[in-house]
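Undergrad: With the sequences and hints as input, model every part of the structure.
Residue numbers (our numbering), protein chains in the order written: chain A, 1 to 425; chain B, 1 to 182.
Hints are computed from structural coordinates only; laboratory data are not their basis.
The beta-carbon is built from N, C-alpha and C at its ideal position, and this holds for glycine as well.
When the alpha-carbon atoms are kept at most 20 Å apart in a straight line, the in silico EDC-like pairs for lysine to aspartate or glutamate are as follows:
1) K387/A with E127/A
2) K134/A with D389/A
3) K394/A with E127/A
4) K195/A with E132/A
5) K387/A with E74/B
6) K155/B with E6/B
7) K8/B with E262/A
8) K195/A with E128/A
9) K83/B with D153/B
10) K109/B with E41/A
11) K109/B with D37/A
12) K152/B with E6/B
Far from chain A, by Cβ distances over 12 Å, these chain B residues were calculated:
13) N3
14) K4
15) P41
16) P127
17) S148
18) K152
19) G156
The primary structure of each chain is shown beneath.
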Amino acid sequence: MVSIILFLIFAVITILGMPIALALIGGGTAAIIVGGDIPLEVVAQKMFNSLDSFTLSAIPFFMLAGALMSSGGIARRLINFGRSLVGWLPGGMAVVTVFTCMLFGCLCGSPTATVAAIGSIMVPALEEGGYERKFALTTMAAAGMIGTIIPPSTVMITYCSATGAPVGDMFMGGILPGIILTLLMCGVSVWYGVKMDIPRIPFSIKEVGHCTVQATGALLVPIIILGGIFSGVFTPTESAAVACAYGLILGCFIYKEIDLKELFATTTRAATTSGMIMFIVAAAGVFGLLMAREQIPMKAAELIMSISSSPITFLLLTNVMLLIVGCFMDATPAVLIIAPILMPALAFYNIDIVHFGIIMLINMCVGLITPPLGINLYVAAGLRNEKVDILINKYLLRFLIICILDLLLVTFIPGLSLGLSGRMG
Amino acid sequence: MLNKIENKVVQAESFITVILFLSMVAVVCWSVLCRKVLDIPFISGEEIARYLTIYAAYIGIAVGVNKKAHIGVEIVLHLLKGKVQRFTKLFGQVVIIGIFLLLLVLSIKMSNQYVDTNQMTTMTELPMLVVYSCVPISMFLSTLHSISNLIKDIKGEEILTEEQEELERYKCAPDKNEEEEE
Chain A
1 MVSIILFLIF AVITILGMPI ALALIGGGTA AIIVGGDIPL EVVAQKMFNS LDSFTLSAIP
61 FFMLAGALMS SGGIARRLIN FGRSLVGWLP GGMAVVTVFT CMLFGCLCGS PTATVAAIGS
121 IMVPALEEGG YERKFALTTM AAAGMIGTII PPSTVMITYC SATGAPVGDM FMGGILPGII
181 LTLLMCGVSV WYGVKMDIPR IPFSIKEVGH CTVQATGALL VPIIILGGIF SGVFTPTESA
241 AVACAYGLIL GCFIYKEIDL KELFATTTRA ATTSGMIMFI VAAAGVFGLL MAREQIPMKA
301 AELIMSISSS PITFLLLTNV MLLIVGCFMD ATPAVLIIAP ILMPALAFYN IDIVHFGIIM
361 LINMCVGLIT PPLGINLYVA AGLRNEKVDI LINKYLLRFL IICILDLLLV TFIPGLSLGL
421 SGRMG
Chain B
1 MLNKIENKVV QAESFITVIL FLSMVAVVCW SVLCRKVLDI PFISGEEIAR YLTIYAAYIG
61 IAVGVNKKAH IGVEIVLHLL KGKVQRFTKL FGQVVIIGIF LLLLVLSIKM SNQYVDTNQM
121 TTMTELPMLV VYSCVPISMF LSTLHSISNL IKDIKGEEIL TEEQEELERY KCAPDKNEEE
181 EE
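TA: Take a look at the structure:
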């Protein structure tokens, strides 16, 4: 009864279009009232305690670092760097878009910010270079999702906070799948360039040197963040704070593109987005308390195990389910609700928590570009004041197929997500 | 009038979050510096950063309510048309106010437990009451913002959401960059 109320109220509030965080709290509170044996103040207590973790502090820091990077003229420098390095390929400008999105993903954890920051420069450039508008916008939307798989990623941190997976290993795990996805997307761009006979840009080693020097400040960020974490100098949270300080110095004093007013606006934006994520984390704490009390994860595990004892079947079924969920729900709440439910099953099937986390992450990323609710599609369409329909075309289908291919590779080859962190045993 | 007051409140909230964010960065960077370079112990750094983050997050929640930044699943809302859609939206706003009010009451009750106990935090020895107060403060502000959102919805005023704002910001960006390069 209590679990039915929990999910029913959650579903009703969600379907009515209210914030997910309030739906989680509404469901939890209603379930406590029906259950009758926990004092209601626990809701407020749990909301506070859920955020009381040093690991979670990384989320606002990465949000701020990302916001600083997207307003500090860093996007433009990275694009120039990408253009000099890979622009000579067939379909060069599209390859540059994908490549720069991967680089930008190392600095910024937000896919929509990536689409907006890179897209506002690249989409006009692509159209000028002779690419169709629908191809340009679709490539932008699809490439924007790479950043969520490439570390650092706030979704990874929420996954770790929900499941106890080590953040460093998750970050490592995202690198290879992210690079494979980038290469596959570059492949589509090259194919398009060859097919449409797009004029190519000549390669110049002098230009590479010049642009690399220009972009050095930005290219150091991933080295500081990832190098710092993997060498054990910083914890992930500390590395995020250091990245903020570095971004501030870079934007305010070296590139001189952030003034006091811009700093205020940027920080407020970061505060709002991290408030949004943290609210969901706090609310999911309340919801999770009730789920644990009702032993829903254990019951779910028993149910799943009765269907099949093969880990592969389990992973494939989970993929299908997560892809569907991803079409309708944002990554953060989906991870916070679903990951704890599936944890006991992972132990039974002997699936590594990091391997599963990366699979889940890619599933959720695909949701960024699936109609009807893929947020990247809307942001990309908005860049050119178009309706979202323009992005629903054969190119989007190709990008989706590529994502599924990447997903299957990661599902069947655990080494891709576990090899770098040495969790393969 | 109402808009003016609310704008002032939002400005104050934004100002506080900016201060909190910058001090968070400073505290964590300082503790890294202390540990790695200066070799002096600064063990309370982690605790200070944690509580600052919680405060920043909770004030951020209130700012988010004002900007309608809290994400929901809006597919059903988009499928509805005309009066039904309007009614559902208004009904949703009322439920939101209700939940925030409930959370306000519950969080005040929670914080009240710490009024007389004089319980302190472990490292920094701050009263627990101060730490826990962020929840009622945030819920109070969120309730205010959601009431004002309802009034705006009834009047039919449009609220620019966080994403729309982001897009508005970037739409003019290409021209600016092109000019700079010239």
